[in-house]
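*Asks:* Protein chains in written order, with my numbering: chain A, 1 to 337; chain B, 338 to 791.
It is worth saying that the hints were derived from the structure and are not from the lab. Given the structure is predicted, the values throughout are model-derived calculations rather than measurements. Take these hints with a grain of salt, some might be off.
[Claimed, not checked] Reference excerpt, derived from the structure (chain B facing chain A, CB under 7 Å, subset only):
hint, residue
1, ALA456
2, ASP551
3, ASN618
4, ALA622
5, ALA623
6, ASN625
7, GLN627
8, ASP628
9, PRO756
10, GLU768
Where a beta carbon is used, it is the ideal one built from N, C-alpha and C, also for glycine.
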Amino acid sequence: MSVEAMPQPIEGYEESALERAPVGRKRHRIPRGVERAMPLLLLLPSVIAIGVFVYGFIAWTGWVSVSNWTTFVQDMSFRGFTEYTRLLSDFRFLSGLRNVIVFTILFVGMCALVGLLLAILLDRQPWGQPIWRNLFLFPLAISFVVTGVVWQWLLNPSAGVNILLDQLGVESLPMWYVSTEIIPGWQWGQIEVAIPIALVAVVLAAGWQMSGFAMAIYLAGLQGVSEDLREAARVDGATELEIYRRVILPLLRPMTITIVIVLGHISLKTFDLIFVMTGSGTGYVTDVPAVYMYEATFRANQFARGAAISVVLLVLVIALMAPAVWARNKSEEGARE
Amino acid sequence: MRKSLLALFGVLVLLMAACADDTAEDPIADLEDEDADEVVEDDDDEVDEDAIDPEDPDTIPDDAVEIFSWWTGAGEEAGLLALIDIFEERHPEYEVVNSAVAGGAGTDAQAVLTSRMQAGDPPGTFQIHAGRALLDQWVAADAMEPLNFLYDEEDWWDVFPETLLELTTDEEGNIYSVPVNVHRSNVVFTNVAAFEDNGLEPPETFEDFVAVADELEAAGVTPLALGDNESWTLLHTWETVLLGATGPDLYRDLFAGDADWESPEVVESFERLDTMLGYINDDHAARNWQDAAQLVAEGDAAMNIMGDWAAGYFATDLELEPEVEFGWVPTPDTGGHFITVVDTFGLPEGAPNREGTIDWLRVLGSVEGQEVFNPLKGSIAARTDADVGVFNEYGQSTFEDFQDDVLVPSLAHNSAAPPNFTEESMTVVVEFMSRRDVDAAVGALQQASEDYLQ
């Protein structure tokens, strides 16, 4: 986990203590050779650990994905890229891919919007601000498994929220996560590129849990916006709305990028919430590649396919995250200048 | 020199500690870490009855006889507990751990079992359907111990039907598990009143089915209840339709990899499935198999295709009277054919308490054990010398069919095909459910057959 955790931009951070330490002064008694080897020695443990446990296993997974390992009995002989070409026309995989992308967009969008709204409200110091702030942060302490179970009950079509809606006189009760409806889109090969209604229920649950995270980040950002800027804008005759739109939101850009990176990669790899709350669903309306990967590997013993799905997932995460990381680095540079 | 090296080492340790702290100061890593901490705390719990987690072998005492199954439903759990009672009475010296993993007719348990076997932590014994699931997977991987000695000691060779024992025996004649029960998968359960009120007879052929379903629909009753919230029920429904369209010989050849999956009979099976799916309840996606059976029990639907664990559900859980409140016929065009789902238990290599496990298998295979277990579970005894009187009307009629019918293995329950083919066919029927593309379905099955069956 910590491998993926990005170092956070810290105001005023310039160079590390090590770099600043005076080099080659007399009071150092460490021999030169050791001193030269020092950085290498210090890096070695983590280089070895990351080399083996991250890159080594990525390579191993890559190898499994092109092997003949399709039963419980391990067979590492070379088979070729069959599994990859199959995935390209695999209804389940393509559905999962569509779902995870739709889910990511809706989920990150919801968290950012709700988080921003809450942060703006809290930033105005309403009564009981610390209580509200903690209240919105609490869901973060819960694991997705718990969230999944609770929301599965809440959004069960014949219980939970629907009982309330029923008593309020709502005619056609929503089916939530068991709906097989898909908001029309266009046919692309075997699957329909569209939004499965069932995913909305999952987005609600995930958004409930992670909006607090976006709120915390935005709140920190808002509190960093100096009062002078607001004053200056007011003097220039800007309304409160204009201050937010023209001054504060642009300043919050780095926060938004951080939120997109962190929530985006969580969402692309999502497994636990779906597995607990909905499973892959009828017609794979709530399937995601990570669940398919698990079932192909451990239920069907198609180890090669499971590995191929993991590799595709990895590439996907890199492809979607690289531009965001690049954008963040750029805006950081901009901030420093 | 030595001092400086020591100092260097000290710095190194400090730095590693500092690195660890750094991540804790990182607000995001911190937020994510909270989940991880909770998990670690769980692991520290003392081993007691409540803490036993089938997915985590560390929570299972070393010397216990661990029984791994997916029997968590009411009737089946009652049966298992009754068996454990007999075992504890006969062998008070052993500690028994009941590791049952709920969900998906064993598909979730299968995943847990695979990861445990891969990690070299086999349970004492585990539930496994007789057939390819056992032979192509665990036996092929040399993970099971042959049980010929146990069959010799207990004189079991003649008390089980030969076709059953074949399903658990490899080519060299080694037998690997003990059958506990037999379920039939190709059964239509009916609501007796729904048929009588409309002057209808339960269908025997597919044409009958369509005719009856039309009349039921006109009378305002949902003809067929389906609960495909867990996709295996869909595969289960299709396998019965497949047998109806192909007959037992072609059915067997298909799974042996000797027949063409694009043949007209298989195409026919998907066309029939398509027709059938036109008669199901609207909320099928929200229901599991019990919920679907409940529609029949309450008279909202007239028919439900399910294995006869549904008979146990009707009789034990819902306390309905066989023949009066719920009825049954073989699925369309499968009269005289019997799709078997046989639960067996085997002895993994390196089983923690080998002696205790063998004693448990003795109880499973005994007449007493099978007579206690099966009426509760709603299945029939695998032993032909069991007393037919212990079963209700449903069990007695099935026990008779079992002696006379042509037996074929079930696909949806991992007997007919290895897990990779089964999973692939599951994908095919789920895809068929949303796309209704017959050519794509048979094409994918033919591909899977070439990959995994031949």
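*Asks:* Going by Cβ atoms only, is B:ASP551 closer than 7 Å to chain A?
*Replies:* violated (24 Å)
*Asks:* Holds or violated: is the Cβ of B:ASP628 closer than 7 Å to a Cβ in chain A?
*Replies:* violated (9 Å)
*Asks:* Using the nearest Cβ pair, does B:ASN618 come within less than 7 Å of chain A?
*Replies:* violated (13 Å)
*Asks:* Is the interface hint satisfied for B:ASN625? The criterion is a beta-carbon contact with chain A at less than 7 Å.
*Replies:* violated (11 Å)
*Asks:* Tell me if the interface restraint on B:ALA623 is satisfied: Cβ within less than 7 Å of some Cβ in chain A.
*Replies:* Interface hint status for B:ALA623: holds (4 Å vs cutoff 7 Å).
*Asks:* Less than 7 Å between beta-carbons is the criterion; does B:ALA622 satisfy it with respect to chain A?
*Replies:* holds (4 Å)
*Asks:* May I ask you to test the interface hint for B:ALA456 with respect to chain A, counting a Cβ-Cβ separation under 7 Å as satisfied?
*Replies:* violated (11 Å)
*Asks:* Return the status of the interface hint for B:GLN627: holds when the least beta-carbon distance to chain A is below 7 Å, violated otherwise.
*Replies:* Hint on B:GLN627: violated, closest Cβ of chain A at ~14 Å, above 7 Å.
*Asks:* Would the hint on B:PRO756 stand, with a C-beta cut-off of 7 Å toward chain A?
*Replies:* Since chain A brings a Cβ to about 5 Å from B:PRO756, closer than 7 Å, the hint holds.
*Asks:* Mind checking the CB of B:GLU768 against every CB in chain A and telling me if the closest is under 7 Å?
*Replies:* It holds, given that the least Cβ distance between B:GLU768 and chain A is near 4 Å, below 7 Å.
This entry does not satisfy hints 1, 2, 3, 6, 7 and 8, going by the numbered hints stated previously.
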